[in-house]
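Going from the sequence shown to my numbering is simple: count from 1 and add 141.
Hints listed in this document are in silico derivations from the structure and should not be mistaken for laboratory results.
Any given hint could be a false lead.
As the list claims (entries may be wrong) - Label-pair ranges, simulated between beta-carbon atoms:
#1 252 x 350: 39 to 47 Å
#2 152 x 283: 48 to 56 Å
#3 204 x 298: 33 to 41 Å
#4 160 x 278: 40 to 48 Å
#5 156 x 282: 31 to 39 Å
#6 333 x 147: 23 to 31 Å
#7 350 x 283: 53 to 61 Å
#8 278 x 325: 34 to 42 Å
No residue lacks a Cβ here, since even glycine has one placed at the ideal position from N, Cα and C.
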Amino acid sequence: MDTTAVAEVPARVELAGAAALPMAGVTALRTLRSRPILGRRVLVTGAADGVGRYAVRLAALGGAHVIASVGSAGRAGGLAALGAHEVVVGLEGIDRPVDLILDNVGGPQLVAAWELLAPGGEVRNIGWASGEPAVFAPYSLLPIGPPKTMSTYGDVRDVGPDLATRLDLVAEGRLSPEVDWRGSWRRVTEAAQALLDRRIAGKAVLDLDPTG
142 MDTTAVAEVP ARVELAGAAA LPMAGVTALR TLRSRPILGR RVLVTGAADG
192 VGRYAVRLAA LGGAHVIASV GSAGRAGGLA ALGAHEVVVG LEGIDRPVDL
242 ILDNVGGPQL VAAWELLAPG GEVRNIGWAS GEPAVFAPYS LLPIGPPKTM
292 STYGDVRDVG PDLATRLDLV AEGRLSPEVD WRGSWRRVTE AAQALLDRRI
342 AGKAVLDLDP TG
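All chains, please: the whole structure from these sequences, using the hints.
The structure is reproduced here in structure tokens:
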């Protein structure tokens, strides 16, 4: 493993929490870092999942007005505490344009979210939880005025420095690892099913049994 892919875990951070950070945490950090968000309206769809919860917290730390979108009211727990100014089911109740969308859902909701973008705004695709195609009407991607854009963010190369940033935020108490389930690696099937059933808000961590 390259040295650019690892980071030292501070003494104040539990290893189980650190283990929850890499993929989802780096995706959220890099997606938000590449565009100014201070004072901007940022919509995070699929906000109850691992990437979504990190994105809500980091966007709030960056000074954005954060709108967290979830699939059902039961998935909204804890998002306001993470910094979400608004928590909505689907896109219901969003009555003003947004500057940036971090989309974890895809499908028809992505098409509807595109219509919420302000001129010059951007959608960043970081997941596709719906498993459904997104079908855009002819010319719907050709706005009048400043261009709206859509891009993908999935680069997890050379993550060491970004991991270190996130670990420091956790050590300072400004960021939570968002571990909602923890158990023995022997319960991997149970953990995977809970994730698939969307019964876990955040991340699941498996503990390795030193006795084998």
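Status of the hints after comparison with the structure:
{"no.": "1", "hint": "252 x 350: 39 to 47 Å", "result": "holds, 46 Å"}
{"no.": "2", "hint": "152 x 283: 48 to 56 Å", "result": "holds, 54 Å"}
{"no.": "3", "hint": "204 x 298: 33 to 41 Å", "result": "violated, 28 Å"}
{"no.": "4", "hint": "160 x 278: 40 to 48 Å", "result": "holds, 43 Å"}
{"no.": "5", "hint": "156 x 282: 31 to 39 Å", "result": "violated, 45 Å"}
{"no.": "6", "hint": "333 x 147: 23 to 31 Å", "result": "holds, 26 Å"}
{"no.": "7", "hint": "350 x 283: 53 to 61 Å", "result": "holds, 57 Å"}
{"no.": "8", "hint": "278 x 325: 34 to 42 Å", "result": "violated, 50 Å"}
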